[in-house]
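Each chain is listed here by its residues.
There are 2 protein chains.
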Amino acid sequence: MEEPFRVQTGQYRPLNEESLATYLAAIPSVAVTLGGEPAAWRVKEVGDGNLNLVFIVEGPAGGVVVKQALPYLRLVGESWPLALERSYFESLALTEQARATPDLVPRLFATDRVGAAIVMEYLQPHIILRKALMQGRKLENLAEHLSTFLAESLFKTSDLYLPADRKKTLMQEFCGNIELCKITEDLVFTDPYRISAGNRWTSPQLDDTAAAFRADAPLKAEVQALKLKFLTNAEALVHGDLHTGSIMVTELETRAIDPEFAFFGPMGFDAGALIANLLIAAIAHGVHGQGELGDAYRTWILDQAELVWTGFTTKFRALWETEATGDAFTAELFADAAGRAALSEQQDRYMANLFADMLGFAGCKMIRRILGLAHVEDLESIADPDIRAVAEHKVLALGRRLILSRNAMTGFNDVLHAVEEIDI
Amino acid sequence: MEEPFRVQTGQYRPLNEESLATYLAAIPSVAVTLGGEPAAWRVKEVGDGNLNLVFIVEGPAGGVVVKQALPYLRLVGESWPLALERSYFESLALTEQARATPDLVPRLFATDRVGAAIVMEYLQPHIILRKALMQGRKLENLAEHLSTFLAESLFKTSDLYLPADRKKTLMQEFCGNIELCKITEDLVFTDPYRISAGNRWTSPQLDDTAAAFRADAPLKAEVQALKLKFLTNAEALVHGDLHTGSIMVTELETRAIDPEFAFFGPMGFDAGALIANLLIAAIAHGVHGQGELGDAYRTWILDQAELVWTGFTTKFRALWETEATGDAFTAELFADAAGRAALSEQQDRYMANLFADMLGFAGCKMIRRILGLAHVEDLESIADPDIRAVAEHKVLALGRRLILSRNAMTGFNDVLHAVEEIDI
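From first to last, the protein sequence lines are chains A and B. If you're matching positions, the first sequence starts at 2 in the numbering used here and goes up one per residue. If you're matching positions, the second sequence starts at 2 in the numbering used here and goes up one per residue.
Isolated chain A, as found in the complex (with noise of 0.2 angstroms):
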């Protein structure tokens, strides 16, 4: 894999669509990618995040992203400040899923640390994955691809397959990454559970439930656990913002993209977050998609989600198999025929664990969709409140429901259930 090319910059300063090409001449990778004089480049400032500028870059022979990090939120303003090193931490994470699974991450040109950028391909023409889904697009290798980029990137930053000392060398940066994991800790697993004033929700129709959510002390309390895992088990190289918003699509293909938030922490919480959001576009399509049609879409997408768990661990057992290079479960340990056999109950125990927790990460990240800050745009796009909330409660009885059941569930097959039970 080639490294990408480091940009020297003396301080931070933003760019802007005056500034950038002088800045992206200098490095050869994106000047030969572009093609042409830099006065020929068009240059676009697209940023509709909350965090950073974004700007698409066009030559005569082809297109970058440049992504540069603001120093606050950009949500909520300059009263948010937010450290430049994310842009840093997105940079790195990028790196290590390239190693780990190259053809399902963008590819990185440039990496410049002060100047808090980095530039990569211009994926086109990919749209992000959730506005896929609003508009009801089946994407055939979708399911295939997210479960891939899961096990891949998961797995192989794991001790089940880097030799811990590059795993402690790995972490050993992440640890810096220690404001983004700070707003999880704070949006998903805190904020939605007591009163706080970034929290929203669809007022008055979801006030009650709003409230029984912050008095639910069995729920906050299994909550709580979760943030534990969240905070101490540091499993792999985790996304740790695998929203559908986070997938860049084509019919064909599929990218994830805007890992600034990656750290090492537990794998449940990637898995965990693709589903609530998938579970989220269903449930969504199911109270507002246009009767036959989108129930039946609603169907591709329940379909889609248990896909993308079967494959990921068909996957990841199987990277086991052939690929178990790390410190934990030394392979040699288990080379004859009892080995084998109580190495798979382990891994069973493990597939089983692993389970329970995406299931409770996923029903965190519904939640805070609906009672927390940031929400989701599958629900924000139905106009009327009185509809909006119908979806929400679902959402929130569903989420609910997979963070208590979590140890109970078994299987996919259980989710589809409780689907059932609650999206009537």
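Just so you know, nobody snuck in bad clues.
Identical copies go unnamed one by one, so any copy, or any two together, can satisfy a pair.
Cut-off 27 angstroms, straight-line C-alpha distance, at most; resulting in silico cross-link-like pairs (BS3-like, lysine-lysine):
1. LYS230 <-> LYS316
2. LYS230 <-> LYS183
3. LYS139 <-> LYS316
4. LYS45 <-> LYS132
Bear in mind the hints are in silico, worked out from the structure with no lab data behind them. Keep in mind it's a predicted model, so treat the numbers as computed, not measured.
Based on the hints, put chain B in the right spot on chain A.
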């Protein structure tokens, strides 16, 4: 808490009895502690460990200990190079432990990162706990102190107490302690279960048992599951080598020393190390002790093991009630009666998991002392190999039982029952 003085040495060079006085005279707090003129200070090299030079320096007013890392494993010789940085990690760990429980660790006067040395309080007339146990001494404060050390040092470096940013910053430092963690990963969790050049055991008495352990697939699988926890579960700053040779005692005082293996790992590892070594001491006294006197002392040690565990759990939970300032289990979510009840259930579960972890790690620590590289004097001092092998068989059987039954055992009584069944 006073931070240790930082010595600025230009390059690493082993200290010796000639160079030491000049070295120490430049450290104000040490010069005061020793008193008088450097020419009057008496220096003695006393290192009997495997990894370091240790000097006792005495002046007219008092003494200090200087511990300097050697660039190889002293026990094996220069063929086994070892990072000098472990001295730095020891100083970091001593500093953090002193924040949590200042009376139970030696005072740290100075650290020298490049020189790989630390200057500490000279503990006198303290002796190593392992030797005190071999001598049959009953130390009335021992269990009280050890349980306090475990509770304070683990709780106060965990996410239950530390805010997430402080925990991640500390953890980032300790991620660098790669080599010493690797020693544990290999010597405790892996080598005793495979053919390895460093392994030794009482032969031929234990030959068949050693072979049976290498072929015991379910045991190996459980040990590797514990190793995975060691690799991934960053619960607290653990001492990492808390056997009875890392504790110094007088009749009334107790200090934990030598935390050079420290890292962010599972809490049960420290508790298990202590309990394991107490159980080994008890079994050794039962086998070669002096009749009724030996039996009475064996019972005293077992009582201490139980008191360490029950004292630890009581103190740990008390800290969780009164000092839950960390980001895990955010205290404000559990302020009302229902919240307290739900949190209490989670605490029960947390302590039950910690008990199982402790048992599993204790079992691993017992087995490695019989079949692995490093043995313990409690057993090595039994001159007759037939008698020693009787004790070692019991230790192995108990260790194996603790690992395989750790999730079925519900309290320390179950441990004592297992001891009585095996040690008859």
